[in-house]
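Peer 1: Sequence:
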Amino acid sequence: MSTTTVAVELHDCRKAFAETLIELAEADQRTVAVCNDSVGSSNLKEFQQRFPDRLVNVGIAEQLMVGVGAGLANGGRIPFVCAAAPFLTGRALEQIKADVAYSRTNVKLCAMSPGFAYGQLGPTHHGVEDFAWMRTLPEMVVLAPADPAETREALHWAHQYDGPVYLRIGRTKVPDLAPHVPFEAGRATRLRDGRDITLIGVGTTVSAALTAAGKLAAEGVDARVLNFSTVKPLDEEALLAAAADTGRIVTVEEANVHGGLGSAVAEFLAARTPVPMKLLGVRDEFAPTGSPAFLSEYFGIDTEAVVRAARELTGAGQGAAA
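With this note's numbering applied, the sequence shown has no gaps in its numbers, which climb one by one up to 308 at the end.
Hints in this document: simulated from the structure, not taken from any laboratory.
Certain hints may be false.
What the hints assert, rightly or not - Pairs of lysine to any residue residues, derived as SDA-like cross-links and limited to a Cα-Cα distance of at most 20 Å, are as follows:
id, residue 1, residue 2
1, Lys218, Met126
2, Lys218, Thr122
3, Lys201, Gly286
These numbers come from a predicted model, not from an experiment.
Construct the entire structure; sequences and hints are all you get.
Peer 2: Here it is, written out as structure tokens:
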């Protein structure tokens, strides 16, 4: 298997999101957008100019926004409901549960700027609970693409899929993952092979896992890297293979580990093939105010933290330290 590399140029996945949504709207007049006074932050300005009669801005009223989306879906439209992740999920959780998941309406929930993207605005604007909240809802598919190409493909998949989808669209700039691995919902992608340990990333943390694998290789640690762009349903086959082949797993997410991807992986493997794991992410603590880079270091989800976690599980570097 060829080794996936991380390009230097960084990209805002919201740009790929906006361009793709316009493509979908041009091809299918059922495609509509609903937002909460977030035309700018959701990157919907061009969509609004091109399709002024297909964008509903309800103002700062997230519960209403989700209800309007459900109503449009019941009327045969395919609504992409766009808002900042903490407000889409936190304020409208009851409507998401009842009007979207329980009713199984064809609504696409687009959570913009999740994780620490609004780092300097403090814990009220950090979107780190969304994986836990969304993956507990039956019928809900949870996606978190890792780069612009995967964002485009995930959006096309969501448009074709008949049912509720939660899409986490990062604001923090990320590199292209080259060579590109085609997106397949429910299927993790193996970006780098390895036999000593498996590093599992999602969304913005995938590139950190890849960079960490490169550093570990220089120390003689052969790390497999998986991109879990589908948090629900999990790719159980990939997890079983990782546990059997490498025997150790590190998960890294820009989200709360309690209920997040790490929890999902641990819950599954505990019942099937328990292996030593380290879950990197936000723990039982409100994040301080700071830049996304500072918060990534603070919570140990940056490249160096992934390297340290892998060293601890594999025992790498202990001889040199002694």
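Peer 1: Hey, Lys218 versus Met126, does the alpha-carbon distance stay inside 20 Å?
Peer 2: The given pair, whose Cα atoms are some 8 Å apart, holds under the 20 Å limit.
Peer 1: Taking only the CA atoms, is the gap from Lys218 to Thr122 under or equal to 20 Å?
Peer 2: Judged against 20 Å, a Cα distance of about 9 Å means the pair holds.
Peer 1: With the threshold set at 20 Å, check whether the alpha-carbon distance from Lys201 to Gly286 stays at or below it.
Peer 2: holds (16 Å)
Against the hints set out earlier in the document, no violation occurs for any number.
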